[in-house]
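For the first sequence, the positions run 1 to 992 when the UniProt record's numbering is used.
A couple of the hints might just be wrong.
Stated by the list, open to error - Computed list of lysine-lysine pairs in PhoX-like fashion (alpha-carbon distance at most 20 Å, straight line):
#1 Lys619 <-> Lys746
#2 Lys619 <-> Lys641
#3 Lys816 <-> Lys693
#4 Lys619 <-> Lys693
Bear in mind the hints are in silico, worked out from the structure with no lab data behind them.
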Amino acid sequence: MKKGDHLFLVDGSGFIFRAFHALPPLTRKSDGLPVGAVSGFCNMLWKLITNARDTSVGVTPTHLAVIFDYSSQTFRKELFPEYKANRSAPPEELVPQFGLIRQATVAFNLPCIETEGFEADDIIATYARQATEAGGDVTIISSDKDLMQLVTPCVHMYDSMKDKQIGIPEVIEKWGVPPEKMIDLQALTGDSIDNIPGVPGIGPKTAAQLLDEYGDLDTLLARAGEIKQAKRRENIIANADKARLSRTLVSLRTDVPLDMPLDGLVLEPQDGPKLIAFLKAMEFTTLTRRVAEVTGADASAVDPVEVTVEWGADAHGPDVGEGAAALPEPAKAGAVSAISAPAVSPDALTPASLAAARAATFKGAKIDTEAYETVRDSAALDRWIALARETGVVAFDTETTSLDPMQAELVGFSLAVADNTVDAAGTAVRACYVPLSHKSGRGDLLGGGLVEDQIPEREALARLKPLLEDTSVLKVAQNLKYDYLLMKRLGIEIAGFDDTMLLSYVLEAGTGSHGMDALSERWLGHTPIAYKEVAGSGKGAVTFDMVEIARATAYAAEDADVTLRLWHVLKPRLIAEGLATVYERLERPLVPVLARMEERGISVDRQILSRLSGELAQKAAAFEAEIYELAGETFNVGSPKQLGDILFGKMSLPGGSKTKTGQWSTSAQVLEDLAAAGHDLPRKIVDWRQLTKLKSTYTDALPGFIHPETKRVHTSYSLAATTTGRLSSSEPNLQNIPVRTAEGRKIRTAFIASPGHKLVSADYSQIELRVLAHVAEIPQLCRAFDEGIDIHAMTASEMFGVPVEGMPAEVRRRAKAINFGIIYGISAFGLANQLGIERSEAGEYIKRYFERFPGIRDYMDKTKAEAREKGYVETIFGRRAYYPEIRSSNPQVRAFNERAAINAPIQGSAADIIRRAMIRMEGALSHAGLGEKAKMLLQVHDELIFEVEDEAVEATLGVVTQTMENATRPSLEMKVPLKVDARAAHNWDEAH
DNA sequence: CCCCAACCGTA
DNA sequence: GTACGGTTGGGGG
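Could you build the full structure based on these sequences and the hints that come with them?
What follows is the structure, encoded as structure tokens:
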């Protein structure tokens with residue numbers, strides 16, 4: 001190395017963590033292997049090698065090395081055993097990427113440097129010193145503050161993520177001291193992440209000020225008595241030794257013995273095929289193409305290299321490049337090694353076999369509900385929190401006074417961690433319950449107060465908050481949205497979580513319940529204590545705060561225990577089934593989004609509903625009188641049984657049909673037919689039913705959902721209720737507010753914006769038909785959507801040869817019914833019912849439709865075959881819907897399942913699309929400066945409702961429309977455009 | 001008190 | 001013909 005040479009030193013270990021946390025969407029290979037950090041690393045290296053001059057570094061390297069940590073056993077650990085002791089295990093998705101990044105380095109023809117007993121930082125310091133002494137310049141590719149002490153006029157750092165060079169001025173700007181004082185500064189402040197003690201109470205600002213005043217640490221310590229602030233003075237004097245120890249720990253060594261001399265770091269030309277083979281194995285298509293272009297290699301002639309994937313605790317190790325195929329023992333495996341014991345033959349180590357082994361281990365493992373700990377004081381709670389940090393995964397569950405998270409008050413919470421101290425036969429999970437506000441059982445003058453020996457809620461929450469908000473500790477919960485919302489109301493935003501309910505839902509939507517009790521039966525062979533066994537049911541029910549603490553502990557801690565076991569079983573299956581992306585992109589991120597929507601609620605005008613209710617009552621009463629007159633007697637009009645007897649018994653009207661229980665059917669369809677045949681009574685029943693339905697379900701019920709404090713209505717969305725991926729809404733259901741009839745729409749006028757705001761409604765136009773056009777690749781449909789043509793008129797025109805211009809409404813209506821029928825997995829029976837025509841005629845229509853659109857029949861046949869073969873169908877984003885009964889020998893059952901299987905990819909893909917839009921929406925609004933002005937409130941399958949400040953309405957309409965219309969991108973480009981209609985008004989009726 | 005059937009509101 | 005949730009009546013325990 002000589003003057004003019006420029007050495008780049010890449011902090012490989014640092015980059016991995018940085019990339020992992022900075023790159024938001026988790027990137028995975030098609031087999032589920034997480035490769036986000038590897039991708040970031042490769043892109044960064046490629047840019048540095050080919051294009052560093054155009055970055056803010058501004059020079060091209062002549063030498064380059066990538067430096068890694070060898071292991072956690074370093075000289076610092078010998079000096080200070082607690083060094084880095086409270087580091088939690090790396091995130092699960094990160095573990096296999098350590099080895100891959102080393103392999104990437106080799107593929108780039110770059111030296112991969114590591115030395116036993118030293119950290120990457122020391123190696124970097126040593127090379128930087130040597131290079132400077134030889135007259136060269138150095139750029140350290142890292143933004144780690146621990147390396148800033150190395151910055152000199154000849155040594156710069158470079159933050160590749162922010163494309164920002166860090167020199168002396170930048171260090172001073174950031175820390176208030178020049179690089180040569182960074183060591184002293186760090187000695188004073190310490191570092192909680194690396195467990196460097198420092199001086200308590202001294203942060204960067206104070207440290208910089210002190211160093212500015214006294215010059216350096218030694219002077220400061222010598223003259224500490226002069227410090228004016230008493231507390232600070234005592235602190236520094238008392239902790240002088242700690243400061244000196246800290247200084248040694250943060251000082252980087254520049255004398256590390258190096259196997260590779262500086263001249264060995266000369267940047268070699270790229271070996272195109274070698275690099276491409278690796279990039280292909282990682283499925284980095286864009287970078288593969290670029291590398292092929294630049295190196296002149298023929299990418300298509302290169303086979304992907306076999307990569308080594310290590311999931312285990314040794315993934316930090318240096319061994320690279322050899323070994324067998326993927327070995328996805330899930331991360332954190334070490335933590336549960338005691339219970340994931342069953343031997344699996346080495347050649348059977350596939351994701352699927354490992355998932356199966358996990359399932360076998362946990363199935364039937366004994367769960368002892370008497371073995372749980374009741375946490376009575378903060379010291380005990382702190383021990384559990386430390387345990388959670390140590391293992392990196394903790395199950396969390398709250399116990400409250402209500403199923404409604406907006407009303408619920410916290411009573412206690414439970415935690416569970418994997419126990420790696422017991423043998424394979426023992427209990428493998430440890431759990432505890434932390435009671436906070438249990439009351440004594442007696443409600444008389446003496447009792448009813450708080451039970452003794454409970455941690456005060458504020459104190460417990462203060463201790464819990466850092467754990468729950470720390471993304472490096474995974475919180476596992478069942479139906480986390482509930483706990484998320486509850487904790488958010490208490491000032492805690494849970495971050496870094498998994499939800500066992502959602503894991504189950506992604507793995508097997510369509511096969512039964514995803515509730516905890518059902519999952520426990522299914523996967524653990526264990527029946528958890530029933531809630532009603534603890535808190536009673538019906539009239540004898542009490543709120544959980546009245547439950548005796550010992551009993552509460554058994555119940556609550558078991559829930560956390562079971563949840564953690566389920567996670568151990570289900571999470572590996574996600575990888576094995578290739579469903580990690582669905583879970584991580586469509587499911588998990590929606591939890592906080594929905595929680596915030598639920599928390600916001602929507603304003604409902606009580607007066608409007610009350611007035612409507614009165615009107616409906618009057619009108620219904622008038623109908624009742626007429627009904628009794630026509631019937632010749634009074635009866636309960638709301639009783640289909642009594643009504644059937646009147647209509648078909650007493651009055652012996654013709655055309656009655658029976659329900660499957662043998663009752664007379666009084667459905668709207670039957671009554672409409674009778675009305676059309678000239679009978680007066682049925683018409684009046686239909687009208688009466690509409691009015692009473694509106695009254696009982698909407699105008700009377702909705703006010704009861706207005707929250708006493710927020711004065712708004714907070715629905716609850718279920719993420720795991722449908723087979724197709726749609727959400728569902730309940731308590732109240734705001735996804736079935738009337739819209740079709742004028743009378744019904746009046747109810748929508750009661751949903752209003754706050755003063756100074758508008759409601760914005762944005763809905764996808766014909767999204768399911770567009771999805772159909774895309775998945776079945778129907779040219780006419782695609783063209784019609786491209787050109788914005790009326791899709792039902794186009795269908796009618798194709799089928800019946802009628803020109804679109806001047807088409808009779810009835811012809812279009814029939815085509816529209818057929819289009820909907822197609823989406824629903826059409827049958828002649830159903831279409832005939834819908835259109836009121838003969839089944840044979842409906843059959844003709846379908847036949848003609850398939851002649852004009854043969855691609856639709858192909859799609860339907862293909863979907864049915866897929867469902868029969870695999871038991872499930874998939875949406876365009878890979879979500880599965882299972883139909884276990886599709887092979888039923890009962891033709892009706894089978895046909896029903898076939899229609900559902902045809903519908904699911906269409907309905908489900910539309911659901912995926914709006915989910916993506918919702919997940920991005922808050923970010924998009926914030927980006928446009930609307931984060932505080934426009935709030936998403938409701939989702940109704942293809943519609944999103946927002947509440948927006950008046951002045952921000954125009955801007956919001958644009959952002960919302962764009963976000964929704966672009967929701968599939970960049971993952972997927974549809975063959976038809978998505979169209980969104982959006983408008984604003986004071987109430988929901990006018991906005992829709 | 002619990003559960004089911006019938007009916008009907010939405011996409 | 002698909003997917004939901006809520007209300008009511010009514011039967012059984």
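(message) Hinted pair, alpha-carbon criterion (20 Å max): Lys816, Lys693. Please report holds or violated.
(response) violated (27 Å)
(message) For Lys619 and Lys641, compute the direct alpha-carbon distance and say whether it is at most 20 Å.
(response) With Cα atoms ~23 Å apart, Lys619 and Lys641 exceed 20 Å; violated.
(request) For the pair supplied as a hint, Lys619 and Lys693, confirm whether the alpha-carbon distance does not exceed 20 Å. (result) Between Lys619 and Lys693 the Cα gap is close to 12 Å, so the pair holds against 20 Å.
(message) Hint check: Lys619 vs Lys746, CA-CA at most 20 Å. Holds or violated?
(response) holds (15 Å)
Violated hints, in rising order: 2 and 3; the structure is consistent with all others.
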